[in-house]
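Could you put together the complete structure from these sequences and hints?
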Amino acid sequence: MDVLFSLGQGILVALEPLNLGLAILGVVVGLFVGAMPGLGSVNGVAILLPFTFVIQQMTGSATSPMIFLAAIYYGAMYGGAISSITLGIPGASTAVATTFDGRPMALQGRADRALVTAAVASFVGGTIANILFTAFAPPLAFVALKFGDPEIFALMLLAFATFVGLGGDDIPKTIFSICFGLVLATVGFDIISGEPRLLFFEVQGENLIPGLNAVNWFSRGIQFLVLAIGVYGIGEMIWTINSSRDGVKMSEVNVSFSRIMASIRNFPEAWKGTTIGSLLGFFVGILPAAGATPGSLMSYGVAKMTSRNPQEYGKGAVDGVAAPEAANNSASTGAMLPMMTLGIPGSPTTAVLLAGMVIWGLQPGPALFAEQPDFVWPLIGSFYISNVVALLVNLAFIPLFLWMLRMPFTILAPLIFVLSLVGVYAAYQNIYDVWLMVIIGFAAFFLRMLDYPLAPAVLAIVLGPIAEPKLRQSLLFSDGSFDIFFTRPIAAPITIIALILLFLPLLKLIRDKLRGS
Amino acid sequence: MRRAEIVTAAFLALLSLYFMWEAGEPSVNAWDPALQKRFGNIGWTDEGPGSGFWPFWLSMIMFLCCVWIAANWFRRLSPPSQSDAPFLDSYGKKMLALVGGGVFGFLILIGLIGFYGAMFVFMMYYLLVIGRHRLSVSLAISVALPVVCFFFFDVAMRIFLPKGYLEPLFIPLYDIFL
Amino acid sequence: MSLTKRTFAGLAAAAVMAFGMGQTATAGSHAFEPSKPIDFVIMAGKGGGADKMARLMQSIIEQEGLSSRPVVPTNKPGGSGAEALVHLNSATDPDHTIMVTLNSFFTTPLRQPGLGVDIMTFAPIGRMAEDTFLLWVHKDEGITSFDQFVEEAKSRGSGWVMGGTGKNSEDNIITDHLNATFGLDIKYIPYKGGGEVAKQLAGQQITSSVNNPSEALGFYESGDVIPLVAFTDERLALFPDVPTLKETGNDFSYFMQRAVVGAPGMSDEALGYYNNLFQQVFETDAWQEYRTKKALLGAKIEGDELRAYWETQRNRHEGILKASGAIN
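Chains as they are written, first to last, in the numbering used here: chain A, 7 to 523; chain B, 6 to 183; chain C, 5 to 332.
Think of the hints as simulated: they come from the structure by calculation, not from any bench.
Only a predicted model underlies this, so the values are computations on that prediction, with no experimental measurement involved.
Derived list of chain A stretches under chain C, where covered just means 3 residues or more per stretch with a C-beta under 8 Å from a C-beta of chain C:
id, segment
1, 41-55
2, 369-382
3, 476-486
Using C-beta positions, here's what the derived DEER-type ranges look like:
id, chain 1, residue 1, chain 2, residue 2, range
4, A, 145, B, 117, 50 to 60 Å
5, C, 272, B, 110, 36 to 46 Å
6, C, 245, B, 23, 50 to 60 Å
Yeah, the Cβ is synthetic: ideal placement off N, Cα and C, and Gly gets one too.
The structure is reproduced here in structure tokens:
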């Protein structure tokens, strides 16, 4: 009862005019920042951090600025789905899985349905996560601490395993794509050995091509967005221009109030994906180092595996939009948990939020809940409020986003090119990344023409940079022995499930072959 | 298509070999003399895989996949290897040259006149030459986009896009808006 | 409805205030005034110690209206700072390019001579603090003194695991020193950032760490981790009961520099402007409070004094890296 009382008090504080206003403003800002390819919640939060000091000075407490930043975080999570669905470009790694079915839906003229499903699923995911957060924050924080390197690696293995069937029909091209993504993920400096790796066009610190400085180009590694925007923003766009000849439209759209209402009424059809996403997203989200992206990817994979019609996935299944969207919102709330209870950020965005809390004079950590209830409960209350606000704002803006799709393609296409280039620059503030993105984009076009599936490469570059160091750190612990993955109580079951899932398709193939002969 | 398939596979195979070579980059300053030689870091040590292990062996798998793709090509198993249609027809070639040239032109212009100038030139080019829109429409969109972007990125988000040689023109704007 | 309108009005007023303060900034006295936004490079990724500090400095500048143009932080974490160093070395407008540095400012150019970076050419704007290192263990280990630690670590051999941020980093240097001096065989596992190391220790995934106070403070206050020894010259005010390593008879101390530098080729007028700017930042209550809370040491130094400090630090790190075999 104590919890409910505190929560009620917190919600009342969050509903105070100034706090509610900040929540609305934050959600709107977040929505647009998130909808912009290249910019995600981390940019919105980092950029508006100094602005929150003005708010803090005005109100004299850390509650209002934190509510503002949390609202931006929520808004951006909703916004990420918008560019995934309407443009087919995942604006942030958390929204990659949303493109798999959201984009086909938009091409079939069901963009409104996809956007509504994404919004409502995000709302449900966020709310379920809030309830779990409110009820179980301290004990869950303890569980999160028990996830060491072997456990995180096992989890990454599981994430890979849920995606085994994702590629195209051409087996060698699919494997090529996965390995290509994993190799690109190793570019840059290796934290375990401290050695530079795959700094191309350079030998022993000497640059092979005059004027091309390998440190500038490759030392920070190939970033996720460089590959993702290259593939989806440039490669896919040129492919569309080439394959659809002159009479193209991004999608067929008829937007009307009644259609949107009908989509809301039909939302319960996606209950299964939403449930899977909400729960799985939250539990993956609370693990430090994992974050919302693996959570949304795994939810998509699990929803597909447990679906009665897995063949519909990738062709516009509503569950395929609902699962990752419920998951990434749920995971964002989940990622707040280790940040607030342990002082450990689970994602870059929570890292910036953490920095903000420190500057405001709070010390996030195990003692925060006991010592700062006046800060914690209004903040949790504002999560509930921001979620409602974000849903309403998002639904209100859907007609605007759909209207943009009705622009003639010869206007929309150059706008997408410009947004892709500007977006990558804004994300990393490095002009070399923009060049790399365009070069990758043209390569992606040629590969796309020849049926190379590229989604596996994009997935690999998301999961690879987490998986490889975790594997090597685990093996440092165990002096090179793989036993560590099978003897630890949490790692062992996850590893075994992952291995079974990985080899399931192979076993099926062998069985079919045997039957065939 | 058929020729493009094998040419691409061959190119990717060479790329994989180059990746393998790069992955074995020796570390001049290494403590262990074995690491000072090329491919000294690709093995499995007492402490798990070396720094070059993943990139090297994964590139090896990429190379093998290319061989597999080539075998499928030879046996005409994959759709592109069965198709005798040209990889790009004349329309495709024209569009690729126009669009690709435009995007690379955009990139080069960024280095000279910055994002905002390049944005304007690229939009004018695309709308007039490829889109064949009216001059008034093209001009309106091409002017509006950099203005909106300036306020969104430079002013609101405080992400300062490079301005190249046009930088002096922006100094008065900084005076007003920052 | 009126409710939201009022809030928006309040926010608009706040925004006007924020921008207005920027306008009425300290003008005059100096010949140089920034004419465009200042590129404030951070040599590390988002969320780490250096990033937090840089964003604090940015907020102070913004809040107090110290600069007439915004200071824009950009993270360039690539290659242990190599990316940031190269960026500054080739800056087209050195008068508007500054950077906040760590000790990788000394070690990275030593480890990668190919970068062509000479740190003595960078403009010495100001050292804002020196961060400190302590040795931390989990409370469940039952270790309360440094002697006990040495004994226990010796008996466990390579079963004793130290987590740290990256290979050949500050944490690695301290671990190597402990191993060499006390005849230990501690296993060192590199992680991505100090926060992650602190979490690994709190979850007992590793047995000890040499975190900065700012990274371990949360778990210290909750009682999960305890400091055994400080690698400083004198005891820290925040941890009065924790002895220094010097007190145990081993003459070793190690600090992390938290300094702001300008791009090579910065004009003297610009250097003077930034010297003054960061002196003002240093004197604010917000900065002083942060220093006390996070147990930061080190006087503010600038100009030739800072250059001399770089010279000694570079020579010291050259010696350390040579001894550990990281460079020849």
